[in-house]
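Next come the chains, spelled out residue by residue.
Number of protein chains: 2
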Amino acid sequence: MSNRTELDKLGEFGLIDHITKDFKNTQESTVYGIGDDCAVIDAGDKYTLITTDMLVEGVHFNLMYAPLKHLGYKAVVVNLSDIYAMNGDANQITVSIAMSNRFSVEAIDELYSGIRTACELYNVDLIGGDTTSSQSGLVISITAIGEVKKDEIVYRKGAKENDLIVVSGNLGAAYMGLQVLEREKEVYKENPEMQPEMEGVDYVLERQLKPEARKDIIHFLKDMSILPSSMIDVSDGLASELIHLSKASGLGMTIYDEKLPIDQETFNVARDFNLTPATCALNGGEDYELLFTMSQDYFEKLKGNQHFAIIGHVTDENCTVNIVEKNGTIQELKAQGFTHFNEGEN
Amino acid sequence: MSNRTELDKLGEFGLIDHITKDFKNTQESTVYGIGDDCAVIDAGDKYTLITTDMLVEGVHFNLMYAPLKHLGYKAVVVNLSDIYAMNGDANQITVSIAMSNRFSVEAIDELYSGIRTACELYNVDLIGGDTTSSQSGLVISITAIGEVKKDEIVYRKGAKENDLIVVSGNLGAAYMGLQVLEREKEVYKENPEMQPEMEGVDYVLERQLKPEARKDIIHFLKDMSILPSSMIDVSDGLASELIHLSKASGLGMTIYDEKLPIDQETFNVARDFNLTPATCALNGGEDYELLFTMSQDYFEKLKGNQHFAIIGHVTDENCTVNIVEKNGTIQELKAQGFTHFNEGEN
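Chains E and C are the protein sequences, given in the same order. Under the numbering used here, the final residue of the first sequence carries the number 346; numbering is consecutive throughout. Under the numbering used here, the final residue of the second sequence carries the number 346; numbering is consecutive throughout.
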């Protein structure tokens, strides 16, 4: 071939756009393909939801500090999170793994014990997969299958002007957990005798190593008869996800710095690292909280509920996402989600 | 951990049994989990079929002789084949890839052009996936989604005593194609100036590099109102697949050496390599033909049809699969399917 374009030139989202631009959907049962948290298939009186994620050793996880059991758990959870982000129920998963002979049967047992724990907790069945060898490292590819009533599905598109912007739980903790683990890894490399400094960081470590998908939030919303107008899960960071919702819905969004839900421990750890807590909440990623918009009519139902933070509202400004700082200045948010394509080959 | 058991001690099927033994299906919608060509999910008036495969560079394919376009095509086809093996229609796929920065955008375009060609030919939509970097090489994980009417699904189990054993197309060609490619790779390594010897091997090369899934066979059978009693696709080799059908159905099988469908070119190439053509047909793998059992009542419908070979019958001998040699001697067949776990880590 005469031309060579490097992968990192396009970035992950650019590459996906580039790859998929020539594909056309022709099947009647394909309701929605690429571009949301899940693909949507017509299954008669319901929709089937399909989502898939691939985790690669050295890119998405580091076995030096991620125990295999937690890794298995997390690999399932991140997929289920995508099903819940469509307001659906997850029912099944398939798990494919490629692993080198560096891994023993006992190591694989650890991985699958985490997968099984997640299956039991979230009530999903392991129904298939593939196991193969690799020439280096571990690759995990999981597909989750779910369902949703046709009149209850929530897409990234659908936000309406003046809708409230709501996020579940709190943000930035998983990112701070990652910072702690990276710091301890460096300390360990320099002096393996040194005891790790893990006091006061339990919560942020758990959010990084063993995150939960917010199935409970979907049920809270159903119980309160709240149907979001648009929704996404926070995997790449709040800023990136707000931009997704905004683009998909063709509207602008304004959020308020002072409304961002940040746990006290996250706040403290961020300060220890000389990081601005709000920046960690906006760009950290891996929170797996649910970000959604909803009609102002639901305001009274959610007001004061500890599981939710109302962080802003939908505007008529075409696809611009702004944050109002505590001092009143307005800044436009740009996504800083993860890009992996600058990794080197060994 | 105190114990260390090597992965290759269990083999691929042993490892799958080991991994899955502690998983229990609890979802009402899970009709069939691990152990057939697809998982089966209840979708109201139909079944949804799900299958997934992972292909790893250096294990399943070698980019030295597999063009990326063909690789993309083949990666889709092997998954669709599993849907057809349940007598279903394939409608959608998801494609996840991990690739190192050794790959350019142009290389990925080649891969996806093969994927697109397969999607167009087999009428399936690409509805999702994941793209990420890897630290070495290319990994492709594809999930196919299909559907089948509830009264038309065909499992590996279900063969009845005295049923006929039928296989579509012919066997052993893909394996001979692989032998030719391996030979030319060695020749090239020794002398890059040497022209490859590719005369008279077009068919076996195509069967290896660009196999087809037998969607047409499913339609032939429907047109003739033939419903197989059990079915599987031939991916690991005829012997291995017969043993799967036999075990799942709890019955024995007898096939006849002289009935094995072997193409003339396959026969010639096998002879060139000093291999017994029947052995290649039995153990070669990657044929992606359909192997099924059916009632003798259908015999007249299939008799003389060039797309099918009746190679034997189901017996009452508990799970024993025998082959009757041309000289009349009877041998028990043992599976020699692929095992990948003896591969080394770089």
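Hints are not guaranteed to be accurate.
[Said to hold, decoys possible] Here are the computed lysine-lysine pairs in the BS3-like style, where the Cα-Cα straight-line distance is at most 25 Å: (1) E:Lys69 x C:Lys24; (2) E:Lys215 x E:Lys185; (3) C:Lys46 x E:Lys46.
Calculated directly from the structure, the hints in this document are not laboratory data. Keep in mind it's a predicted model, so treat the numbers as computed, not measured.
Item to check | Ascending list of hint numbers which this structure does not respect | outcome: 2
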